Amino acid sequence: MFDVEKIRADFPALKQLINEQPLVYLDSAATTQKPQAVIAATEQFYARNNANVHRGRHTLSEQATLAYEQARATVAAFFNITANELVWTKGATEAINLVTNGLSEQLDNQSTIVISALEHHANIVPWQQLAKRTGATLLTLPLQQNGRFNVEQCVNFIEQHKPTVLAITHASNALGNITPLETILHAAKLQHTITLVDGAQAALHLQPNLQQLGCDFYVFSAHKMLGPTGLGGLYGRYERLNSLAVYQTGGEMIETVTLTETTFRQAPAKFESGTPNIAAVIAFSAAIKYLVSLDKTNVYTHEQAIFNYAVEKLQLIDGITIYSDINNNIGTLCFNYKDEHPFDIATLLDGYGVAVRSGHHCAQPLMQHLGINGSVRASFAFYNNHKDVDLFIAALQECIALLD
Amino acid sequence: MFDVEKIRADFPALKQLINEQPLVYLDSAATTQKPQAVIAATEQFYARNNANVHRGRHTLSEQATLAYEQARATVAAFFNITANELVWTKGATEAINLVTNGLSEQLDNQSTIVISALEHHANIVPWQQLAKRTGATLLTLPLQQNGRFNVEQCVNFIEQHKPTVLAITHASNALGNITPLETILHAAKLQHTITLVDGAQAALHLQPNLQQLGCDFYVFSAHKMLGPTGLGGLYGRYERLNSLAVYQTGGEMIETVTLTETTFRQAPAKFESGTPNIAAVIAFSAAIKYLVSLDKTNVYTHEQAIFNYAVEKLQLIDGITIYSDINNNIGTLCFNYKDEHPFDIATLLDGYGVAVRSGHHCAQPLMQHLGINGSVRASFAFYNNHKDVDLFIAALQECIALLD
Amino acid sequence: MIKTFKEIAFSIENAPAWQQKYREIMLLGKQLPPMPGVLKTDSALVPGCESKVWIYLDFDLEENTLVIVGDSDTRIVKGLLAIVLALYNGLTPEQVIKTDALAEFSRLGLIQHLSPSRGNGIKAMVERIQSMAADRSL
Amino acid sequence: MIKTFKEIAFSIENAPAWQQKYREIMLLGKQLPPMPGVLKTDSALVPGCESKVWIYLDFDLEENTLVIVGDSDTRIVKGLLAIVLALYNGLTPEQVIKTDALAEFSRLGLIQHLSPSRGNGIKAMVERIQSMAADRSL
Ligand SMILES: Cc1ncc(COP(=O)(O)O)c(C=O)c1O
Ligand SMILES: Cc1ncc(COP(=O)(O)O)c(C=O)c1O
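Chains as they are written, first to last, in our numbering: chain G, 1455 to 1858; chain A, 1455 to 1858; chain S, -2 to 135; chain U, -2 to 135.
Treat the hints as calculated values from the structure; they're not laboratory data. A couple of the hints might just be wrong.
Unchecked claim - SDA-like mimics (lysine to any residue), calculated; alpha carbons at most 20 Å apart, straight line: (1) G:K1586 x A:K1460; (2) A:K1460 x G:A1501; (3) S:K18 x G:A1855; (4) A:K1586 x G:R1719; (5) U:K120 x U:P44; (6) U:K120 x G:N1538; (7) S:K37 x S:L54; (8) U:K27 x A:T1710; (9) G:K1792 x S:R20; (10) S:K37 x A:T1710; (11) A:K1469 x G:A1855; (12) S:K18 x G:T1755; (13) S:K49 x A:K1460.
Keep in mind it's a predicted model, so treat the numbers as computed, not measured.
Required output: the full structure, derived from the provided sequences and hints.
Here it is as structure tokens:
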């Protein structure tokens, strides 16, 4: 059974007052709150086991190395991949940059890169830079006016353009819409397209089995999955991964160095230069263990129930436009009220202790596509309850009264 | 007054038994232990203020942004630079890579890059890669057989080769030797050379005034300065810094994005893509505040006293060869015992609770230069006391008895 | 009718609840004279803001005073702009330098709007005003 | 004289202190027959180790047993190598697969030497042996 009140008690940050009101945290798409287990793992590391990894012969270093490598195995198991297919980065953004940099020599001016208009800037700009560097053509998958994909159109597009690379989000950070990946990735595979899926938003909510998903690369950020800041990951199918050119160079990733020549290690080490974010890796494995302990189905069912309840309540308010696909969503509600500026709504909601985001959500092309300057975004996670929704809706109605 | 016992009480990790003996932590050059203030700041962030920065209108996000930007100001003040000359990276290694990548378009096959044989791999390999990319010539400063610079030789070398870039360490991680930077940087400035100083080792011990030092770039790692893992910094003289090409691209560092074109922000934002390591930045400013509270002169005097005491004791042991320059050192002792393998010494010392490093210390060219395969390295910090030295020396004598 | 900063401060300080404070601010925004379209150039747009904020600064050489015009597409920022305008418009550079917006916003309980977060352009606006004043007072 | 694994285990298990344990291990290393220079090729060198560790694996088709030769430039790793050799040398692939070095090292209180830390080559060595055995038992 899924007891949301018991779960909320695991998240100390949820138990606070904002502007003298109980915090209603609806900004999990920006970053999630952290369970006590993650905070404790971090503290435990710094207060006891703190040491650098891989190079020390002493007990602390051996312990840190063991915990560090076990964490990689834990996270790899979560995604159903092998540990040497997982590269630690500082975030989803770096993971994408690692891939776009690593592909430079594999692309040329005959190549085609396909992204979508739904992407976060992190999954747009690095590809633009790669296209510029290599002369490759950058195209965007057809997206319907409402911000949803028509699968058939996408498949046709892929068959027509036979892209060298396809980079696409697993779920939109602005809308929460889940991409119909299965068919799209299948079509791409038939064209021998290299595929990268941006899982920054989806990984927490959908807990994907990456081997089954069948993409070549998948990226995520720990801080959006109950984990610490400053850590992300790149999954790469081993051969694909190892075929990428080295990215950052320095300690840890080298085999031998002389003043004239250097040889590199194999993946994943080859992409992990410098002292890693040891504390974060260890704390993130605590986050994943916590998540796994809650049971995937229960988490998903609860999240969908909360989301549907919020949709239902929001739709009752006159003047609200919802941009999200409410039937196929990780739990993110993107909306505006009449032509009020989302900035004003978010600022006023904060007075009621309700934390939402406003703006373009680092998805300017999507906003242009939808013909809006921005929106309000309320994003839910499994630790939200029905009361959060009630408080949010009540506060929104008060804000509207202030504005009207 | 500097009360080392009071200070040790601030470092929870120092209060533990290793193999049933009190921990003697002499591996601070690999990573330093963390004061309680840093652990508490991290916990406080995750348990209360956790939110993403720069983009949220809600209270938590505003608070996190404020703390994050104040931290930048605190660290900038420590180095006597302005906040917009400080770029957060994931470590010293990334900071060097950011510079070598950013200089790609400013160098060509007429350029000369000068490094030294004393460098950590992180300050060698990225320059090799840059040289390969641009066709520039990579040279090394003359280094005497004993691993020390002759300043006059260095100045002559710089005058002769007029390097485009000079990258040099502030203190050697393997030997602890402090580089005579003043004269070398002065000579480089006369040749309009772009200068980068690797401060990963020196920053904690020498607390440099960067404006006075006069280099163009300076890099450091938070985890070697009492701070958390996964964070480092790049100082760059503003114009120099801003002239570097963008590195990683994505959210945060862009001004506007369309599907065909992107404009970037100015430094430091231009180099900080993706969600930053917010918790680490805030915790690192707690580390710096702690360090500043101890008074630079007192810290330095104590460190030197401990180092000199260790040198004195070590020199009394027959068969010990010391490679470090003992008159000009940040507190790192590099030595071997007869032709025993440093691995064996380090492993046996661990049995006595003494944590030292053995190996090439990510400085293979230096080891080649010194004609050794590796060494034992005992590195001290201000939280070490005379008893640590006594325990270390006693343990070393026991190990020697075991080996002889 | 444009209110003086004193009048504004009085009504905001005496707002019985934060809602009333925001109501006042948004009202001030509404009363701000519209910014001429020709002044809404790209260079007048404060970069990096979530809301659009335009600031046009000029200097009246005869009167030796700053002339400030501004606008925003959000109600709250526009209201905050109106407060900054009321604070600085028509002052001499020396007076501007002596007028500490941070302190005034703090007194009105609006200090969070001057945070370094780049969500609104108010902080940038104050900085631009101060830097122009500094240039002119040299 | 090369000791059997049983003999080795006995003396290590009964060491009164950890110092004695290491003394035994280093002694075992000393007694290891020297590795022929021709076998110390680049491919025999375990990469990424702080100490130099060479492993040469062969398969005796007639006897259906593994042949393992190894060496190291450090005393402790060489001694650990000697233990691994005593454990696996001359076993059939099926016997190798059934022999769990992790469990044995754990029993001897030496488990930390099989950590994934790449400081010594013992773990890599055990993995190579197991993987060769797996190939041969197919
Ligand atoms: C002199 C020197 N430079 C660079 C580095 C790399 O630092 P990091 O591994 O934290 O990126 C180190 C750390 O080992 C170092 O000692
Ligand atoms: C879909 C998507 N991709 C990429 C990113 C970038 O993640 P990070 O900022 O953690 O690198 C985000 C986070 O905002 C996101 O939502």
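Violated constraints from the hint list, given by number and in increasing order: 1, 8, 11, 12, 13
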